[in-house]
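Based on the sequences and whatever the hints tell you, model everything.
Under our numbering, think of the first position of the sequence shown as -19, with each following residue one higher.
With a cut-off of at most 25 Å between alpha-carbon atoms, the simulated DSS-like pairs for lysine-lysine come out as follows:
id, residue 1, residue 2
1, 40, 23
2, 1, -10
3, -10, 23
4, 40, 9
5, 1, 30
6, -10, 9
Please keep in mind that the hints were generated in silico from the structure rather than gathered at the bench.
Please read these numbers as outputs of a predicted model, since none were measured by experiment.
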Amino acid sequence: MQLNMDEVNKILSSVSFPASKDDLVSEAKEENASKEVVDAIEKLPDQEYKDMTEVMDHLKTMG
-19 MQLNMDEVNK ILSSVSFPAS KDDLVSEAKE ENASKEVVDA IEKLPDQEYK
31 DMTEVMDHLK TMG
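The following block contains the structure:
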């Protein structure tokens, strides 16, 4: 299944960057993201992300 990048962008739009992977996972869960989005974020490398573009780039290379 293709990850819905629009959903990811909407779910994470309120995150203050830089943000850790844990911050992103927490925000996705708080925003009731789909299981696919939460699972994808949980698979991101455990690092600090400087902005949404960096998150999206990582997600695109994973999918």
